[in-house]
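Starting from the known structure of chain L, arrange chain A on it as the hints suggest.
Going down the list, the protein sequences come from chains L and A.
For the first sequence, position 128 (counting from the first letter as 1) is numbered 1487 according to our numbering, and the numbering increases by one without interruption.
For the second sequence, position 57 (counting from the first letter as 1) is numbered 381 according to our numbering, and the numbering increases by one without interruption.
In short, the hints are calculated from the structure, not lab data.
One or more of the hints may lead you astray.
[Said to hold, decoys possible] Straight-line distance between alpha carbons at most 27 Å, and here's what the computed DSS-like set of lysine-lysine pairs gives:
no., chain 1, residue 1, chain 2, residue 2
1, L, 1547, A, 485
2, A, 487, A, 568
3, A, 486, L, 1557
4, L, 1547, A, 486
5, A, 485, L, 1557
Okay, here's what each chain looks like letter by letter:
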Amino acid sequence: MNVRQGTVFFLLGASHVTAPMALRELLFIAEDSLAAFLPQVHRRFGFHELVVLSTCNRFELMGVAPASPDLTAHLHEAFFELHRHHGTVQPHYSDEDLRQSLYLHLETDAVRHLYRVASSLDSLVLGETQITGQFKDALALATRLETIGPTVRRLGQEALGIAKKVRSQTAIGKKHVSIGHAALDLAKRVFGDLSAHKFLIVGAGEMARVTAQYIAGYKPRGIYIANRSQANAKKLTQELGVGETYGMDDLPALLVAADVVISATSAPGIVIDFAMVQRAHAARRGRPLILLDIAMPRDIEAAAGQLEDVYLFDIDDLQQVTAANLDERRKAAEEAEVFINRGVEQFQDWQRTSEIKPMLAAFRTYLEQLTQREGAKTLGKEMFKDLSAKQLEAIQGLLQAVAAKIAADAARQVLSPPPGFGQDQLATSLQALFLDEQPQQKKDTA
Amino acid sequence: MTLDSIEPLIRNIALIGFALASVLYLFSVQQTAKVLWPARGAFLSFTAATLAITSAAALQLQDAQPLELSALLLSAAIGWLTVIGHLKFNMRLIGAFVAPLATLILMMQFFITPGHQTVPENSTSALLVDFHVVMAILGQAFAIIACAVSVFYLWQQNLLKKKRLSQLAQNLPAIDRIDRLLRISLWTGFILITVGLLSGAIYTQLYAPPETMRLSAKVIWATAVWLWYLATLLAKNVFGRSSKRIAQMCLAGFILLAFSYFGMGFLRSGGP
Chain L
1360 MNVRQGTVFF LLGASHVTAP MALRELLFIA EDSLAAFLPQ VHRRFGFHEL VVLSTCNRFE
1420 LMGVAPASPD LTAHLHEAFF ELHRHHGTVQ PHYSDEDLRQ SLYLHLETDA VRHLYRVASS
1480 LDSLVLGETQ ITGQFKDALA LATRLETIGP TVRRLGQEAL GIAKKVRSQT AIGKKHVSIG
1540 HAALDLAKRV FGDLSAHKFL IVGAGEMARV TAQYIAGYKP RGIYIANRSQ ANAKKLTQEL
1600 GVGETYGMDD LPALLVAADV VISATSAPGI VIDFAMVQRA HAARRGRPLI LLDIAMPRDI
1660 EAAAGQLEDV YLFDIDDLQQ VTAANLDERR KAAEEAEVFI NRGVEQFQDW QRTSEIKPML
1720 AAFRTYLEQL TQREGAKTLG KEMFKDLSAK QLEAIQGLLQ AVAAKIAADA ARQVLSPPPG
1780 FGQDQLATSL QALFLDEQPQ QKKDTA
Chain A
325 MTLDSIEPLI RNIALIGFAL ASVLYLFSVQ QTAKVLWPAR GAFLSFTAAT LAITSAAALQ
385 LQDAQPLELS ALLLSAAIGW LTVIGHLKFN MRLIGAFVAP LATLILMMQF FITPGHQTVP
445 ENSTSALLVD FHVVMAILGQ AFAIIACAVS VFYLWQQNLL KKKRLSQLAQ NLPAIDRIDR
505 LLRISLWTGF ILITVGLLSG AIYTQLYAPP ETMRLSAKVI WATAVWLWYL ATLLAKNVFG
565 RSSKRIAQMC LAGFILLAFS YFGMGFLRSG GP
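Chain L with its partners taken away, still in its complex shape (with noise of 0.2 Å):
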């Protein structure tokens, strides 16, 4: 029995665990582009549902497609046709070695897969916060797209739910974790005291805003926001209370001024090339510069980093720095995967009542019919003739009622089973005693 009969609830995708950064930046796809993608392959697949989860760390499609024998080979098509569409990674990876880098859910797995993803749990940086709102914004994309439905959108609200819990009921939140954070606690290990020290932020999107809020909590001696949109720097700055904007052409002067410079945007390309870095190096005269790309894919490259006194540092550097905190963050983690499981265990109900719920509908809807086709046949007879029609309706009135309180206390018993009994166990014994086609209903149908 399967309320989603002859569906599949699966999670495809691939992740810092299973794919290099090489490949990962390359898989990242921006809101724009999905929203213009997504809808297609979510026809010409034939998927129920489909949300897409994109950040720098994961490349995740999960959702609802139809059970098929080849659903492992379907999913990966469809998976390979966004790609292609976007048309990043195919040029420097076939499909095949896209394969090795894929892992694909199923059911109930990719259900405890998909609570832990949005609880932090399997983020690059453990119980980092950010990922939490890029699931809600791949929840709000697919819900504009329309490629959501109930499914999905309930774990989504599970999924949240579950990761409010982890984060105030456990230690991992307690700790700084996130990529912005990391970024800092990188920067301190060069330098000490970081008020002393200019800040140049490149970017002026989500993971910009947050770490530039980060930094203005140190009260450094200046913060530039260099972005190719001086609207959104301005937007920026006014939200922070400090900081000067520039354009991108201000940039070879900014990374002669500034000692960490932080990059965060989503351009497609190099944004700090080295020839760049290395005449900023020359003009500072040994002055150390700290150059932290937290962009996917990067914008500083990386030949800047051979540099000497020039410290650069990757999102994959920024596992480092947390590595400190990482066992108690890891006990946190433990302590998370019991929500987890009772998180899972609460979607099985739900999934068995959701299987349930219709039978139990079939079998009220029969003890409708087999009263009404009872009493009509009795109440036919001759001895009856003399009652009233007002008579009539009571006597019927009262088999229906017999009949609704039969149903109510089956319904009772199989969604809250006595001990001894399983909730299968007598769903499975309602359907073959009264559901499943009987010879004397195939004589009472003919």
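What follows is chain A alone, placed relative to chain L:
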């Protein structure tokens, strides 16, 4: 027991203290941040040894000239600079470099008998010699500290460059701070060595007997050391060389200095 008789005892206590601190520092470098006793023990032992050697030098100063106490004074100077570096700049591992060096300097005294020092009779010239010796010793002490700081700078910088972030020493300050300490040590050491050389030159011109007016190997090496530190400072401040290059130059400078001190100054004339 007279003060004179307890001076060798205090000096030996200092030697044992520096040696013990060397072992404990070595042990603490290999330990995780959670095992605190070796680092604490090392610093305690080092500070006690520094106090002891300072007391020994102070006791000796009543009868001897600074020129004859160069080893004790140098040990005391690098000891106090290390204590200040530990407490003020959070350079908790600097003792790991300085403690063995102080042990070595003090041990040399057991094996080498310093030559007789000619102390000028004239009070002004004697004062000038004392000033020269004190400046030279302090200059050397700062150069030693600069070398120690360079070692830690290169170590930390290498880990950062190679992105071995988990291996970064927790008991060292941020690399920018180490760099600043390196610059302070370099500048202070250079100024003191310069003053030491100048005062030595003035003494030679004004008071030295004519038969000693020759360019000795000690003077040549001392000038070479001074030139090297001048080149290091120019490389940083005029030519804008990287801090890594400066740290490497400091290490090379220390080798020159060590040869100048142990090879020439100590072995030939018993002092700097």
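A quick look at each hint next to the structure:
no., hint, verdict
1, L:1547 with A:485, "15 Å, holds"
2, A:487 with A:568, "16 Å, holds"
3, A:486 with L:1557, "25 Å, holds"
4, L:1547 with A:486, "17 Å, holds"
5, A:485 with L:1557, "21 Å, holds"
The structure agrees with every numbered hint stated previously.
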